[in-house]
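Q: Sequence:
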Amino acid sequence: MRITSRPSPNFGPRRDGLVPSLIVLHYTAMADPDEALERLCAAEHEVSAHYLIHRDGRLFQMVQEDMRAWHAGAGTWRGMDDINSRSIGIEMDNDGASPFSEPQMSTLETVLPEIMHRWNIAPEGIIGHSDMAPGRKADPGPRFDWARLARQGLVARSGTSEPIEDPAIETFRSCAARLGYPTDIDDATLLTAVRLRHRPWGEGPLSQEDFAALPNVSHFLV
19 MRITSRPSPN FGPRRDGLVP SLIVLHYTAM ADPDEALERL CAAEHEVSAH YLIHRDGRLF
79 QMVQEDMRAW HAGAGTWRGM DDINSRSIGI EMDNDGASPF SEPQMSTLET VLPEIMHRWN
139 IAPEGIIGHS DMAPGRKADP GPRFDWARLA RQGLVARSGT SEPIEDPAIE TFRSCAARLG
199 YPTDIDDATL LTAVRLRHRP WGEGPLSQED FAALPNVSHF LV
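Residue numbers for the sequence shown follow this note's numbering, beginning at 19 and rising by one.
Treat the hints as calculated values from the structure; they're not laboratory data. Just so you know, even glycine gets a beta-carbon here, dropped at the ideal spot from N, CA and C. Careful, some of the hints might be misleading.
For each label pair, taking beta carbons as the anchor points, the in silico distance ranges come out as [stated by the list, open to error]:
{"id": "1", "residue 1": "Glu83", "residue 2": "Glu183", "range": "43 to 53 Å"}
{"id": "2", "residue 1": "Glu227", "residue 2": "Glu64", "range": "36 to 46 Å"}
{"id": "3", "residue 1": "Ala140", "residue 2": "Glu64", "range": "28 to 38 Å"}
Throw the hints in and build the complete structure from the sequences for me.
A: Structure follows, in structure tokens:
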């Protein structure tokens with residue numbers, strides 16, 4: 019696959035000898051892809067990512083994978099902080115409200131397995147910005163096709179759990195924490211974040227369907 023180099027000055031060494039164990043997916047939240055690319059490469063904005071996938075399928079690399087890009091910000095996953103030092107950041111050219119284009123999804127499906135292989139990252143290590151920063155971030159958003167990636171074994175598959183008879187928020191919080199979600203947030207924020215990833219059409223109070231939408235968590239409930 020052709021990769022266009024567009025170096026960003028916004029990076030540094032990974033801290034404490036860390037190597038990538040996660041891939042964090044984002045959307046740019048900008049209407050103009052050229053402006054998004056300029057922003058990610060402008061020193062004054064102090065933000066970057068390793069890759070940007072244009073809506074037409076072109077792949078731009080801004081930071082080398084062994085370096086620490088500035089894409090994740092504050093947040094945790096599986097109890098780990100400094101996600102920038104632990105991850106590869108991929109920005110998807112998308113305004114946050116539109117469907118993701120076929121060419122860019124096709125490019126993502128090509129580049130993801132290559133990165134996963136290079137760094138030995140499991141499908142469970144592919145997360146959204148909203149997963150590690152609930153309430154602060156919503157990308158890649160409800161229009162992102164996680165199910166498409168799951169069918170190819172590239173991400174954890176949603177909807178492999180069973181509904182439970184009495185859906186309690188304490189049990190849901192425990193399941194979400196086992197999956198990796200932060201625990202220092204309120205119930206509503208956590209439910210919104212989990213739904214963005216596993217049940218974006220979900221509404222209303224916590225339900226049996228929210229448990230059923232999770233990756234297999236049956237062993238959490240034994």
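Q: It remains to establish, for every hint, whether it holds in the given structure.
A: Okay, the hints, checked on the actual structure:
{"no.": "1", "hint": "Glu83 to Glu183: 43 to 53 Å", "verdict": "holds, 46 Å"}
{"no.": "2", "hint": "Glu227 to Glu64: 36 to 46 Å", "verdict": "holds, 41 Å"}
{"no.": "3", "hint": "Ala140 to Glu64: 28 to 38 Å", "verdict": "holds, 31 Å"}
Going down the numbered hints, you'll see the structure goes against none, and every one checks out.
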